[in-house]
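For what it's worth, this note's numbering labels the leading residue of the sequence shown as 235, then goes sequentially.
Simulated from the structure, these hints should not be mistaken for lab results. Because the structure is a prediction, the values reported are computed rather than measured. One or more of the hints may lead you astray.
Here are the simulated lysine-lysine pairs, DSSO-like style, with alpha carbons at most 30 angstroms apart [stated by the list, open to error]:
no. : residue 1 : residue 2
1   : K464      : K436
2   : K464      : K323
3   : K287      : K464
4   : K436      : K287
5   : K488      : K436
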Amino acid sequence: MSNPPPAFDPRIIAPLRERLDQHPVYGLRDLDDLRRFMECHIYSVWDFMSLIKFLQHHIAPARYPWAPGPDAAVCRFINELVLEEESDKIPGPDGEEICLSHFELYCGAMRELGADPSGPQAFVALAAREGIDAALAAGIAPEPSRRFMESTFGFISGGQPHVVAAALALGREHVIPGMFRSLLARMGITEQDAPMFHFYLKRHIHLDEDFHGPLSLRMLDMLCAGDAQKRREAEQAACAAIEARIRFWDDVAKRLEIS
């Protein structure tokens, strides 16, 4: 099935994306920098799932009686995205496949490199028990991560699917592959040294560029449904999401004393 080109024009974020792609935070100097970077970045790996779950609830809700949605390809996309992010298949230590969420996979990658995932795990457990506001107020997450998550959940709390889709499709999916490529090129850490880390990076580069990116734009176009006001709101949300990521990287770079 061929995908028609989306009417939504991603070039609106080109100047912001250029700033993001050239951010100094990608100039990590050593393994200690990478560890500290991951201890901040993992929170954005986690909160990505809440964007996805919000959109799945709207696009492919678990309710009955069931009725087909307006675009089966978009329904499949959001369900497959949840499947991959929540329970991806990865090579296990004995050669057999195991299932892990990408959050858990990232925690494993952190351990490989000597970073500490205990803080993020405690944060997620607290958010599950007492809600996101309690977790954000608990002082567990690093300040750069806390501020970024506030932005993410701000999009979600507005309750507008086209706004959340813009934050996902244009604020993350089209930027993350470039970020990962920068990290791989800079660090020189072999696949033998950190197999889970390399699997995570390769998986996201492949999925985001070859699959998630184009279909996330189709999802956004469906949710805007030709409505000029929704399109303007989506454009504003896309720019706000990129700006939030730039502020996140600004804060992380300051924390790591990278200029």
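**Message:** If you test the structure against every hint from before, which numbers come out violated?
**Reply:** Going through the list in order, the structure violates hints 1 and 2 and respects the others.
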